[in-house]
Amino acid sequence: MKKFIIVLLTGFVIVAALDFAVGSVLRYFYFTGDSGINYRSTFSMQETKADVLVFGTSRAYHHYDARLLEDSLRVTSYNTGRDGEFIFYQTAVLKSVLKRYSPKLIILDFTGSFEYSQADYDRLSALLPYYKNHKEIRSIVNLKSPFEKYKLYSHIYPYNSSLLTIMLGNMNVNKNRVSNMDYHGYVPLHGIHTKQLDTLHTPANYSLDENKVNVFTEFLTLTQSKNIPLIVVNSPSYYLYETDYSLDAARKICFENRVPFIDFSRDIEFLSHSDYFEDETHLNKIGAAAFTQKVIHLLKNDEQFSKHLKNLKK
Amino acid sequence: MLVSYYFYMNWKPIYAVLIFASTLITYLAGQGIQNSVTQSRKKTFLVASLLVNFGILFLFKYYNFFNTFFFDVLDVVGLRMQLPNFDLLLPVGISFYTFQAVGYTVDVYRGDIQHENHFGRYALFVSFFPQLVAGPIERASNLLPQFRKTILFDYHKAIQGLKLIVWGYFMKLVVADRLSIYVNAVYNNSEYHGALTLITATVFFAFQIYCDFGGYSNIAIGCAKIMGFDLMTNFRRPYFARSTTEFWRRWHISLSTWFKDYVYIPLGGNKVGTARNYVNLFLTFLISGLWHGANWTFVIWGGLNGAYQIGNRLLGFKIRLKENLTVHRLETLFKMGITFVLICFSWIFFRANSLADAMGIIKRILSLEGEFFVGEGSSFVFSVLAICMLVFKDFIDERNISTRISRSKAYQYTLYALMVIVILSIGVFDGGQFIYFQF
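Residue numbers (numbering that gives the first Met the number 0), protein chains in the order written: chain A, 0 to 313; chain B, 0 to 438.
There's no promise every hint is true.
Derived PhoX-like pairs: lysine-lysine, alpha-carbon spacing no greater than 20 Å straight-line [as the list claims (entries may be wrong)]:
#1 B:K270 x B:K259
#2 A:K1 x B:K408
#3 A:K94 x A:K225
#4 A:K150 x A:K131
#5 A:K134 x A:K98
#6 B:K156 x A:K1
#7 A:K2 x B:K162
#8 A:K48 x A:K103
#9 A:K134 x A:K148
#10 B:K408 x B:K162
#11 A:K103 x A:K284
#12 B:K408 x B:K156
#13 A:K2 x B:K156
#14 A:K1 x A:K48
#15 A:K94 x A:K131
#16 B:K259 x A:K2
#17 B:K270 x A:K1
#18 A:K98 x A:K48
Calculated directly from the structure, the hints in this document are not laboratory data.
The structure presented is a predicted model; accordingly, all values stated were derived computationally and were not measured.
With the rest of the complex left out, here is chain A:
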């Protein structure tokens, strides 16, 4: 038994040493990467000081043309959207941003469901590399599982399954990949959707995930506590729907918190232009330009926002 314990302890020490060594190397290269999805997350959380920030999923970073925003509003902007990342990630990024500075305007592109989905919790893995140095996001990351804080004693675990993306992020060739050619976080899409307009039927009623609702509300109240104008937008999709419980819930929460909620899901211009879309849920470059112009027009003509925009330019 004594010998077995010695073997266990020796093995543990070797694993811990390797974990530290390999984890440190992964950490170094993760944060020295200068392109790709991880770089954009790091830039969003640790570096950007743009006047206007866009939050959301892939729809955010494909739908809001940063150049148009900047030229029309004469501001700087950055698009913090990330594939598949709903309100947990978005609020975590917001917290990291607000620790450093207060943007002048925030656009939150609402996409996702308040229904419980394990996948939404699993995707919190994207925030693990930041857990150590960003205490403000820990309460959100800990939603992933009650054991997350213990797993994070491992130096490798935060970079689990990221080996290739870390490598690519440090290679020049990565910058030339179409998916990485971003302008201030905005990545244009070039495909054209050719399928017919579909109708999504109303799903069976579901109860809202309390964590998601709370974190969404937290996003709104955080911006309000810093007096940052916020607009929540449901950007266009190329399908019709009968009822969307999550959208209704988001609209209601925004109303209760006096945050403007603009819904483009039934906008005729977009529903009659399949050529604006690459697929049912993503605008292509042409659609993004049309949509961004609409958003800019809204901002300029809304009394609250236009006043604020004037202040921005000063």
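Guided by the hints, dock chain B onto chain A, whose structure is given.
Leaving out everything else, chain B in the frame of chain A:
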């Protein structure tokens, strides 16, 4: 025993009643058989035990399936009536512990073992936690004698156990759960994918199910070894088989031997005429398919494997060539390749969500059309890497390649430490569930 029950009750406490009921019934049946004088009385106890245990299994696992099937048949002839289905959650491990307990009863009936008088010891045999939820399906003749001995800590066994656990987690987290990402994406949307994608997903599934189930078995066997108990080997590098007959001597060994001893042999085995022997083989595999799940896809999978066994006996693949090492190796590779293709074909039915899906997949594979779907690039790369690592390790074990360096302590420490590092680096920690838990 208390630990085993506590372990089981962590899932759904009330279902511990079922495992206890199965334990009690088979214990009393064993006692009744042992104490009976006449053969007919012994048989009564045996039949009672079989009826009750398989009755419980039928109710939870097969009632809805047969209910729907039976009344679909009646519907065809114009009789529209149906009994309601039950909405019962399938108790975890019921297929495993039922077979284990029933096997005990039959062994006592046959006189292969003596009835275990100590109820606690017998209850531990049925509920032993390392193998309770997904096997290996143990034999009383192997496990009960070990429970009777005083177990002292065995350093070498404990080290072996530890290695098995690490390798088991590697198989599960690095290989099985990684491959499942691609397999699920393809098989759950099979109508949108082309031939090469479906072939790739099927091959991935072959390794996924091997590593999922084999990984769990290794963890279970490793846990038991640390405690000083030897469970039976459940997988022996199945994809190195050179025939489908050999495959079933390497795959889910505890189940295939159970079916051989308690279904195939009682049916007559190969001690009957050829035609009847083939029927026995086919039936045994058909029932084995049904054991895996209440769905026609599993029945067809079982039937297909039964057909393979018959085909093997009919054709008996023999190449008589000059004894030459290169030719022999090529012959082995060829046979392994054919066996792998046949087994993969049967996995299509096992994995497909429905019979219609399975037929659709086969049709699309045969069309040889469609683009190749990679999915998430790095996950695909890790999948291929994981299979390579698995095949390499299995090859080393299969050929029993051992050198002075590989036997050294430093090498062993480094190898297993690196395995842990690989698990941390590319293992999948989100939402993976053992496939065989659903049985």
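Which of the listed hints are not met by the structure?
Hints 11, 14, 16, 17 are the ones this structure does not satisfy, whereas the remaining hints hold.
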